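**Student:** What follows is each chain in one-letter form.
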Amino acid sequence: MILTILSVLLIISGIFFFFTATVGLLRFPDFYCRMQATGKGDTLGALLCLSGIAVYNLSDGFTLSSVLVSIKIMLIAFFIFIANPTATHAITRAGLNAGVKPLMKEDLQK
Amino acid sequence: MRYITTFLILFLNWLIWSGMFDAFHISLGVISCALVTFLSHDLFFKEKLSYRNIVETVRFIKYIPWLLYQIVLSNIHVAYLVLHPKMPIEPSMVRLETELKKDLSLVAYANSITLTPGTITADIVDRKHYIVHCISKKVADDLLAGDMEKRIAHIFEEAGYKED
Amino acid sequence: MENFFLTISLALGFLVLLSLYRGVVGPTVLDRIVSVGVIGTKTTVMLILMGLIYKRVDMFVDISIAYAMLNFIATLAAAKFFHVRKSVIPGVRFYKEREVK
Chain V
1 MILTILSVLL IISGIFFFFT ATVGLLRFPD FYCRMQATGK GDTLGALLCL
51 SGIAVYNLSD GFTLSSVLVS IKIMLIAFFI FIANPTATHA ITRAGLNAGV
101 KPLMKEDLQK
Chain R
1 MRYITTFLIL FLNWLIWSGM FDAFHISLGV ISCALVTFLS HDLFFKEKLS
51 YRNIVETVRF IKYIPWLLYQ IVLSNIHVAY LVLHPKMPIE PSMVRLETEL
101 KKDLSLVAYA NSITLTPGTI TADIVDRKHY IVHCISKKVA DDLLAGDMEK
151 RIAHIFEEAG YKED
Chain U
1 MENFFLTISL ALGFLVLLSL YRGVVGPTVL DRIVSVGVIG TKTTVMLILM
51 GLIYKRVDMF VDISIAYAML NFIATLAAAK FFHVRKSVIP GVRFYKEREV
101 K
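Chains as they are written, first to last, in the working numbering: chain V, 1 to 110; chain R, 1 to 164; chain U, 1 to 101.
In isolation and in its complexed conformation, chain V is listed as follows (with noise of 0.2 angstroms):
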């Protein structure tokens, strides 16, 4: 009982960083701040979310299978946690070389 309450309070705080990032993503006026909310936003989300799962897909009982496929899962949240800021600075890196322009604050400004 108490792991399902972990694993629902884990996921909901999961969608709602994952709901933010996409707000972000929405509302930010130019391609360096959209990676800011979606490169951070996004890895909390799916580590969050997947860790519930984790703990959710345990609360059947500690069986062999079960355990094996939390650990599978929480493997790919650490695939994601090593994945995504790589990703992000990538495209950013990208976007620099590629010659888009950053907005600065003095541009907001006016």
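Hints are supplied without guarantee of correctness; some may be wrong.
[Said to hold, decoys possible] Computed list of lysine-lysine pairs in DSS-like fashion (alpha-carbon distance at most 30 angstroms, straight line):
1. R/LYS150 <-> R/LYS138
2. R/LYS128 <-> U/LYS80
3. U/LYS86 <-> R/LYS102
4. R/LYS150 <-> R/LYS137
5. R/LYS62 <-> R/LYS48
6. R/LYS101 <-> R/LYS138
7. R/LYS128 <-> V/LYS101
8. U/LYS80 <-> R/LYS102
9. V/LYS101 <-> U/LYS86
10. R/LYS101 <-> U/LYS80
11. R/LYS101 <-> U/LYS86
12. V/LYS101 <-> R/LYS137
13. V/LYS101 <-> U/LYS80
14. R/LYS86 <-> V/LYS101
15. R/LYS102 <-> R/LYS48
16. R/LYS128 <-> U/LYS86
17. R/LYS101 <-> R/LYS62
18. R/LYS138 <-> V/LYS101
19. R/LYS62 <-> R/LYS128
[What the hints assert, rightly or not] Heads up, incomplete: computed chain V residues facing chain U, CB under 10 angstroms, no partners named:
20. ALA21
21. LEU25
22. LEU75
Hint data in this document are derived by calculation from the structure and do not stem from the laboratory. These numbers were taken from a predicted model, which means no experiment stands behind them. Ideal Cβ positions, reconstructed from N, Cα and C, are used throughout, including at glycine.
Fit chains R and U to the given chain V structure using the hints.
**Tutor:** Relative to chain V, chains R and U alone:
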């Protein structure tokens, strides 16, 4: 030594992902892991393994909880910026000098910057400067204070930094 | 509990639709690539939720890791392409170097 470590890492992954523990599947795993180890033993570890690698691994594992805490802080900061009706952002590009030398510590520092509050590493120039995009002024000041660089230097035992 | 997972999946689907807006409208090509990457991360989570609903998590986990890896490689490949091409404007190539000369 490199062969054995690479083989063990690969074989552990094989066991987790296949999920079958009978003799046929395990022997398949041993054959394919041995083949991959033989072909690409110099990909994981470029230099010879030593006692230092164990120290680095243990210190890196200790570093992860602090990083997770920073990530949660950064997400709450970004969520506040996104949901605020006026969006109080002050984006700027900052040039950040670093004295880290090793490949792995440069990569770890860049990834940590990307994950912590409001900053993204955009480029590394000549292994001396990072070009960092900051979303607000407070965040840029935090980054220039250089707390995280000290932690990374401590993990990978860079020269020029004293141990605490 | 199944209803809860169904609701979460629907919420994720709604967020995917919202991110698709940036993919359709986005001013530069890079914005579209970012949008595709964001949708891919959400799909990775959605696949495992589908596995929970159908009670076959052990199978859907493998599909999900394959999807996550493909998504990562696609983003990296697109970033590499635009890094070398040095222009995001269709039809204009090596925009920066021409400006220097």
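**Student:** With reference to the structure, classify each hint as holding or not holding.
**Tutor:** How the hints compare with the structure:
1. R/LYS150 <-> R/LYS138: holds, 20 angstroms
2. R/LYS128 <-> U/LYS80: holds, 22 angstroms
3. U/LYS86 <-> R/LYS102: Satisfied, since the Cα-Cα distance of roughly 29 angstroms is no more than 30 angstroms.
4. R/LYS150 <-> R/LYS137: Since the Cα atoms of R/LYS150 and R/LYS137 sit roughly 22 angstroms apart, the hinted pair holds (cutoff 30 angstroms).
5. R/LYS62 <-> R/LYS48: holds, 24 angstroms
6. R/LYS101 <-> R/LYS138: The hint holds at about 28 angstroms.
7. R/LYS128 <-> V/LYS101: Distance of about 23 angstroms is within 30 angstroms: holds.
8. U/LYS80 <-> R/LYS102: This hinted pair holds, its Cα atoms lying about 24 angstroms apart.
9. V/LYS101 <-> U/LYS86: holds, 13 angstroms
10. R/LYS101 <-> U/LYS80: Within the cut-off at roughly 25 angstroms; holds.
11. R/LYS101 <-> U/LYS86: Roughly 29 angstroms between the alpha carbons, so the hint for R/LYS101 and U/LYS86 holds.
12. V/LYS101 <-> R/LYS137: Holds. V/LYS101 to R/LYS137 sits at ~19 angstroms (cutoff 30 angstroms).
13. V/LYS101 <-> U/LYS80: holds, 19 angstroms
14. R/LYS86 <-> V/LYS101: Answer holds: R/LYS86 to V/LYS101 is near 23 angstroms, not above 30 angstroms.
15. R/LYS102 <-> R/LYS48: This hinted pair holds, its Cα atoms lying about 15 angstroms apart.
16. R/LYS128 <-> U/LYS86: holds, 23 angstroms
17. R/LYS101 <-> R/LYS62: holds, 22 angstroms
18. R/LYS138 <-> V/LYS101: holds, 23 angstroms
19. R/LYS62 <-> R/LYS128: Holds, at about 27 angstroms.
20. ALA21: Hint holds; V/ALA21 Cβ to chain U Cβ min 7 angstroms, cut 10 angstroms.
21. LEU25: holds, 5 angstroms
22. LEU75: Since chain U brings a Cβ to about 7 angstroms from V/LEU75, closer than 10 angstroms, the hint holds.
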